[in-house]
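Asker: Single-letter residue listing:
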Amino acid sequence: MFAIIDHYAHKDSWLHRWHPLAKVISLLACVVMIVSLRQIGPLALALLGSWLLALGTTVPARAILKRQKVALLLGTAVLLVAWLTGRGQTHWQLGPLAVPVDPLRAAATLALKISSVLVLTVPLLATQPFFVFLETLRRLGLPNRMVSMLLLMSRYNLVLADRVQSTLRAAKMRGLRISASPARLRPLGGLFGSMVLQSLEQAERVDQAMRLRGFTGRIRTSWPYQLRPADVAKSAAVLLGAAILLAWDLWR
Amino acid sequence: MAVNFDIECTNAGYQPHHGHWVLRGIHLTAAPRERIAVLGPNGAGKTSLLHMLVGIKPIHEGQIRVGGVDVSQDSHIASIRQSVGLIFQEPDDQLFCATVYEDVAFGPRQMGLSETVVDARVRSTLDAVGMADQACSVSHHLSSGQKRRASLATVLVMQPKILLLDEPTNDLDPRGRRMLERILLDCPQTLLIATHDLEFVLRVCQRAILLDQGRLITDGPASQILSDARLMDEHGLEVPGSLRERHWPVSSGE
Ligand SMILES: Nc1ncnc2c1ncn2[C@@H]1O[C@H](COP(=O)(O)OP(=O)(O)OP(=O)(O)O)[C@@H](O)[C@H]1O
Ligand SMILES: [Mg+2]
Numbered sequence: 001m002f003a004i005i006d007h008y009a010h011k012d013s014w015l016h017r018w019h020p021l022a023k024v025i026s027l028l029a030c031v032v033m034i035v036s037l038r039q040i041g042p043l044a045l046a047l048l049g050s051w052l053l054a055l056g057t058t059v060p061a062r063a064i065l066k067r068q069k070v071a072l073l074l075g076t077a078v079l080l081v082a083w084l085t086g087r088g089q090t091h092w093q094l095g096p097l098a099v100p101v102d103p104l105r106a107a108a109t110l111a112l113k114i115s116s117v118l119v120l121t122v123p124l125l126a127t128q129p130f131f132v133f134l135e136t137l138r139r140l141g142l143p144n145r146m147v148s149m150l151l152l153m154s155r156y157n158l159v160l161a162d163r164v165q166s167t168l169r170a171a172k173m174r175g176l177r178i179s180a181s182p183a184r185l186r187p188l189g190g191l192f193g194s195m196v197l198q199s200l201e202q203a204e205r206v207d208q209a210m211r212l213r214g215f216t217g218r219i220r221t222s223w224p225y226q227l228r229p230a231d232v233a234k235s236a237a238v239l240l241g242a243a244i245l246l247a248w249d250l251w252r
Numbered sequence: 001m002a003v004n005f006d007i008e009c010t011n012a013g014y015q016p017h018h019g020h021w022v023l024r025g026i027h028l029t030a031a032p033r034e035r036i037a038v039l040g041p042n043g044a045g046k047t048s049l050l051h052m053l054v055g056i057k058p059i060h061e062g063q064i065r066v067g068g069v070d071v072s073q074d075s076h077i078a079s080i081r082q083s084v085g086l087i088f089q090e091p092d093d094q095l096f097c098a099t100v101y102e103d104v105a106f107g108p109r110q111m112g113l114s115e116t117v118v119d120a121r122v123r124s125t126l127d128a129v130g131m132a133d134q135a136c137s138v139s140h141h142l143s144s145g146q147k148r149r150a151s152l153a154t155v156l157v158m159q160p161k162i163l164l165l166d167e168p169t170n171d172l173d174p175r176g177r178r179m180l181e182r183i184l185l186d187c188p189q190t191l192l193i194a195t196h197d198l199e200f201v202l203r204v205c206q207r208a209i210l211l212d213q214g215r216l217i218t219d220g221p222a223s224q225i226l227s228d229a230r231l232m233d234e235h236g237l238e239v240p241g242s243l244r245e246r247h248w249p250v251s252s253g254e
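In order, the protein sequence lines correspond to chains E and F.
Residue numbers for the first sequence follow this note's numbering, so the first one is 1 and each next one is one higher.
Residue numbers for the second sequence follow this note's numbering, so the first one is 1 and each next one is one higher.
The following block holds chain F by itself, in its conformation from the complex (with noise of 0.2 Å):
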């Protein structure tokens, strides 16, 4: 093989409880580094994607590889998730510790880091997000944005190779969406990034699929797909207001 693709849908399909598909025949690649935007309305199947890359969402039809390995083999989802991060739709799924500190040190304590390293990690990746502060704070007590950083932080902490992102910028006020933009353009990941919020994928990434219904509707560079007023129409999305002004796409934000 040429390229090493970090992620790798060949027609991929998820079915629950055999009842209807909620994702099927996806095809989509991922070289490292590349950072992808997964748009579309609600209950497109945009969640689901991405638990399917984990392994948390069976894999009922077609495969599935991340990183090289094949995710639906048991025996290779801890490899797979030591190298794979996500940050999930509701942060109170993510943080399950008594305190912010806790939360962010269980997985590199986890990984079998030494204790210097685990709250020389800790601190650093909380000062990134902002929550430097709120370290011994009591995570359930929280503002959303706030959670929102903190789940942020438990994920970036453990610094994997490839970062799945589940409506990141939900409950964020516009500094926290900036310091999210000024982390993830930093980033050496490869990031995959399902969201509504669509100035923010203009900003950060280059190449966005756009899902509807479980189908895959189109794979291309953000501003183009973004810009397409008929296509977002169609599927229940709008080109942002920064590109309706201009009346022609931009290049993608760097």
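Excised from the complex, chain E in its bound form (with noise of 0.2 Å):
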């Protein structure tokens, strides 16, 4: 998820032009809207809406492809839940086989809510460097120290992920089997807690590193930015479709 980060950060797009306070505060209310919309014909069109800005920033297709899998994963795991118990009262006739509407409609629901709010962090993160995206965010309240600690997840996720993928690595070279037997899962309790103890080091010594650079509990960053009245309109206009959504969805 953090990969994207900064890697588009540098390209250029109306969406990357776009006055990061303005971006940011029109998009999380992008996110609300589409989190309260409960119909899935408006849901259909916020994903496509969300599709459309998000191939503007110029990350490619696949890469926010990726982000779809945790809502199909959710969706059929509502699904299936829903189906098991029950809970479904009216069914379609597909030959041999009776759907149930209602799991399935309610899957298809969290589904689209996910898959739109996945697809929108994609403009939200990756059009502008990270610590510009911070800087927002401390703008808009967040306290500093909240917004330090963000900075040091977005870096130790990627580095915990590697940690975690190369002890276990090492640990398999040296003959570990994973299995559920209590012997074998007692080494495994050492190498996660030995994980989380260079972890918690580490994160020590990077605090350390930016203390020694300067760092004080504030963020410093450029902040080159002018409201112009085409972020208003950019802001306006993404605002708009997102409210004419919420509007069909209400009165539908």
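These stretches of chain F come out as covered by chain E in the derived footprint (C-beta under 8 Å, 3 or more residues):
{"#": "1", "stretch": "76-83"}
{"#": "2", "stretch": "88-94"}
{"#": "3", "stretch": "106-120"}
{"#": "4", "stretch": "135-145"}
These aren't lab readings, by the way, just hints derived from the structure by calculation.
It should be emphasised that the depicted structure is a prediction, and the values quoted were computed from it without experimental measurement.
Glycine is no exception: its CB is placed at the ideal position from the N, C-alpha and C atoms.
Join the two chains into one complex using the hints; note that each chain is given alone, in its own frame.
Answerer: Laid out in structure tokens, this is it:
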């Protein structure tokens, strides 16, 4: 998820040129509106709109598509649970197959919501340096401490994932077998313990490195942005689109 | 005082968790623009010494003054950190931003420099360490040697008065080593370099100190210490090849 942060930040598009404050506020508002939609039609259009925005960022479609897996997975899970617990009353008869309509609708709604929100994180995160995004959040009132935490998390995500992978690989090369027996699980516990410890120690060293480079609690970053009429127009257009979907959802 | 030393350790000691002394009785002075190698076997206390100089590790005994300022006083730490740059042994500790550019720009921005100055500094430093093409790369995905170069840049860009380098040549290819040599020979800073790369020491440092088991064993001209076969052997090191071939000490290579 964090892999695309900053990777496309220095490309150029209308989304890159959008004032970060205007962009973050508008897109976060869109997220709220999408989450409150209840019907398949408006949600499908919201997903389409999110995709259009994401594709406008120069991030390749394949990278965006990767973010949809979670949504499909969760949707399927909801479908299965609803189906198994027998809560679907209406059925469509598809040949020999009785398709429960309500669980299907619930699953689709959830999957569409999650998809749209995940796709929206692309224009939100990938169109300015991560520092600028953090500074935007700070200007919107997020405390300095949270901002620093987000910065570290963005990096730690990668370090931690790598560490888990390389520790497991090293342990497997030395004969570790993963299975459910308690005797086999014990070394795994020790392994994770040491990984957590290592990560904590590294977090401390990174904190020291940040302080050595002048960090005193607030990240300073460049802010060469000025709000122009074009920024307001972009925000207005995006918010109007979201508002129309919301209205459609409410009055249908 | 006649001479103003950049670094002054008087009987300095470090004893974590009241256990054994990792460093004890360290006396060391460094004059401005001196280039000093910190030698010693694994676990000798080289890294600990560098960390004490910037106040990351506490001083449990004696005194350390950096740039004339007492390190053990918390109120001085900020000013010391402005004038001292430390390059960590592990580049992963040093790089904490998403891209190389952001990482290198972090320090200058914290110093409150204008974005034009920051940009100019970042670009020239990345150029100097041969990473200009990787400015937008994700730090985490670099090779080890590239990470080393990037972490070097993050400190050089701040133009500190004193540079502390912990194993700076690790992971560098021969060209990278030569580049580092050139940068260090050209730089106006006082240098303290903890390293096992003895050939590198011969070419860059005039002076060396040798630590073993937390004690300062000797302090003198690098070529003299490095060519002392008995001393080197006693402390788990060896005379570098270039000195063995010639059988006599050479002056530090400038
Ligand atoms: N916080 C600590 N707690 C306990 N022991 C420590 C601590 N810090 C350092 N040590 C011990 O101090 C000794 C010196 O460590 P240091 O990292 O300074 O060695 P070094 O000379 O840099 O070694 P290397 O060449 O392997 O990098 C080691 O034995 C280490 O275990
Ligand atoms: Mg060390």
